[in-house]
Amino acid sequence: SQQGEEDPQALSIQEGENATMNCSYKTSINNLQWYRQNSGRGLVHLILIRSNEREKHSGRLRVTLDTSKKSSSLLITASRAADTASYFCATEGSSGYSTLTFGKGTMLLVSP
Amino acid sequence: NAGVTQTPKFQVLKTGQSMTLQCAQDMNHEYMSWYRQDPGMGLRLIHYSVGAGITDQGEVPNGYNVSRSTTEDFPLRLLSAAPSQTSVYFCASSVQGGRYGYTFGSGTRLTVV
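Residue numbers (the working numbering), protein chains in the order written: chain A, 1 to 112; chain B, 1 to 113.
One chain only, chain A, in its complex shape:
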């Protein structure tokens, strides 16, 4: 079953604007990760945030994690047309062997 649910399903913005995507999950986790997928390509790992962290930055990316609400957000600042892609959150559970459970993704369109 899907662990994460991204919101919104689709997002359309102009270049230079910020894009915020949200992810909710159901069970306890070790970490939460965000991936990007360009059309017809494989997924690319963007950033990982551990369950004991609340915020993490990487370049134009900012990720927050609220374990009490079982939710995370990904902020992309100053978006570019090249950021157009689908974005997925994935969680690593806190029990058993570590495998990732993915959400259904947010499709981001950044227009010039």
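Any given hint could turn out to be false.
[Said to hold, decoys possible] For lysine-lysine, the following DSS-like pairs were computed, each having C-alpha atoms within a straight-line distance of at most 30 Å:
#, chain 1, residue 1, chain 2, residue 2
1, A, Lys26, B, Lys14
2, B, Lys9, A, Lys104
3, A, Lys69, A, Lys104
4, A, Lys69, A, Lys26
5, A, Lys70, A, Lys104
6, A, Lys104, A, Lys56
No lab work stands behind these hints, which were simulated from the structure alone.
Let chain A serve as the given structure and place chain B on it in line with the hints.
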């Protein structure tokens, strides 16, 4: 570094045929996984391996077999293809599971007619 290499990139099968999707990584990663991606469903885990000789089932394992005889290779076998297996298949690898992020292959687009 080639990363994760998947072959073939495209494949059309007839119902009932069998085939093997190949996956190889050159990063000495212990963990390898197979996912399928269907429209509106995100990625779902088929099988995974935590090291050579060790495999386990994921969320949707029916109709698929895997083996892991070497660290580098993790082939996925479709035993008797069905139209429901039409999907895009991704192989991924990681050191110590998902704790540092997975590296994905570019995918195999499979159509079963």
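Hint by hint, here is what the structure shows:
Proposed proximity of Lys26/A and Lys14/B is contradicted: the alpha carbons are some 38 Å apart, above 30 Å. At roughly 23 Å between alpha-carbon atoms, Lys9/B and Lys104/A fall within 30 Å of each other, so this suggested pair holds. Our distance criterion of 30 Å between C-alpha atoms is met by Lys69/A and Lys104/A, whose separation comes to about 19 Å. At roughly 9 Å between alpha-carbon atoms, Lys69/A and Lys26/A fall within 30 Å of each other, so this suggested pair holds.
Restraint check for Lys70/A and Lys104/A: the C-alpha separation of about 16 Å stays at or below 30 Å, so the hint holds. In summary, the hint linking Lys104/A to Lys56/A is supported, as the alpha carbons are separated by about 22 Å, within the 30 Å threshold.
Checked against the numbered hints given earlier, the structure breaks only hint 1 and satisfies all the rest.
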